[in-house]
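*Asks:* These are the residues of each chain, in order.
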Amino acid sequence: MREISENTRSAIGIACQIAGGLSLAFAGLYGWNDFSWRTAALVTAGVLFLAVEPILARLYRARVAGLEHRDRALNALTELCHSLLELPKECELRVTLLRVEDGTDPPRLQAVTRAPDGRLPQLTMYIHQGVAGHCYRKGESAVTDEVKEFVTEMVALGFTKEQARTFKPTKTYLCVPVKNARREVIAVISCDSVLPGVFTPERVTIAEKLTPFFARLLTTPESQEVKRG
Amino acid sequence: MAKTSAAKKRQAEYVRRGFAIQKIGQSVIYTRPVSEEVLQTIKKITENRTTIDDLAMKVAE
Chain A
1 MREISENTRS AIGIACQIAG GLSLAFAGLY GWNDFSWRTA ALVTAGVLFL AVEPILARLY
61 RARVAGLEHR DRALNALTEL CHSLLELPKE CELRVTLLRV EDGTDPPRLQ AVTRAPDGRL
121 PQLTMYIHQG VAGHCYRKGE SAVTDEVKEF VTEMVALGFT KEQARTFKPT KTYLCVPVKN
181 ARREVIAVIS CDSVLPGVFT PERVTIAEKL TPFFARLLTT PESQEVKRG
Chain B
230 MAKTSAAKKR QAEYVRRGFA IQKIGQSVIY TRPVSEEVLQ TIKKITENRT TIDDLAMKVA
290 E
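Residue numbers (the numbering used here), protein chains in the order written: chain A, 1 to 229; chain B, 230 to 290.
Hints in this document: simulated from the structure, not taken from any laboratory. It should be emphasised that the depicted structure is a prediction, and the values quoted were computed from it without experimental measurement. Mixed in with the good hints, there may be bad ones.
[Stated by the list, open to error] Keeping only pairs whose Cα atoms sit at most 25 Å apart, straight-line, the calculated BS3-like set for lysine-lysine is:
hint, chain 1, residue 1, chain 2, residue 2
1, B, Lys272, A, Lys161
2, A, Lys138, A, Lys148
3, B, Lys237, A, Lys171
4, B, Lys272, A, Lys171
5, B, Lys272, A, Lys168
6, A, Lys148, A, Lys161
7, A, Lys89, A, Lys209
8, B, Lys252, A, Lys148
9, B, Lys252, A, Lys161
10, A, Lys89, A, Lys161
11, A, Lys209, A, Lys171
Let the sequences and hints guide you as you build the complete structure.
*Replies:* So this is what it looks like as structure tokens:
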């Protein structure tokens with residue numbers, strides 16, 4: 001289903017209100033002396049036009065509420081993934097859900113939620129960058145066990161030096177693809193830690209087992225993104 | 230030295246558990262396809278459109 005932006009919805013609402021007002025005004029003008037089919041048609045059109053705005057507003061509110069519900073559920077799943085990996089506090093584990101956005105060329109990996117602090121990264125990341133980009137392109141789980149020279153290795157993985165310097169230097173990454181029923185990658189769960197060697201094969205399996213639930217939430221038709229603004 | 234041997238031990242464990250090794254620049258990346266079991270679960274719960282309650286139960290399990 002094609003989505004409409006909030007601005008477009010407002011513009012349609014205003015246009016309908018003006019059209020409704022004008023229809024009723026003309027109905028009054030024509031019907032003053034002689035009530036005819038034309039007057040009846042104008043009254044009907046006026047009422048219909050005036051009804052469009054509240055209906056659109058109601059639908060939009062319901063949709064935004066649905067999206068907020070979806071975002072809370074995704075956030076809870078990200079927190080759950082963070083807990084289930086059971087890493088000691090000194091690892092400073094972060095779990096970030098990166099959703100694939102096809103609207104750009106190349107597609108980008110947009111951070112949607114992050115545990116434990118919820119602070120999303122500022123940088124826009126693309127599918128040719130980082131371990132997450134590698135995971136997306138291969139469609140497989142990917143682990144870097146130990147990053148020795150952070151900036152150099154990030155540059156080798158497709159970031160610029162300037163971008164790499166803005167990241168928190170971490171020692172290890174685990175990225176797991178979230179696939180839909182057609183086996184297309186729709187998101188990536190990216191985990192990082194400041195201590196090396198913590199993403200064991202068992203932990204990779206734990207993260208993989210959570211991906212169907214992320215997929216379920218990300219592919220629910222009523223929770224697809226609305227373009228805002 | 231101890232660090233290198235620990236990394237080598239982990240590398241052997243990744244390989245034993247079905248990960249492939251790939252080098253990009255200085256980075257060593259271990260990759261593994263997502264298991265068929267996970268892919269089947271995705272198919273089941275996204276196509277059957279199970280309810281959020283069912284989903285919560287599965288997570289709780």
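*Asks:* Of all the hints numbered above, which does this structure not satisfy? Sort the numbers upward.
*Replies:* 1, 4, 5, 10
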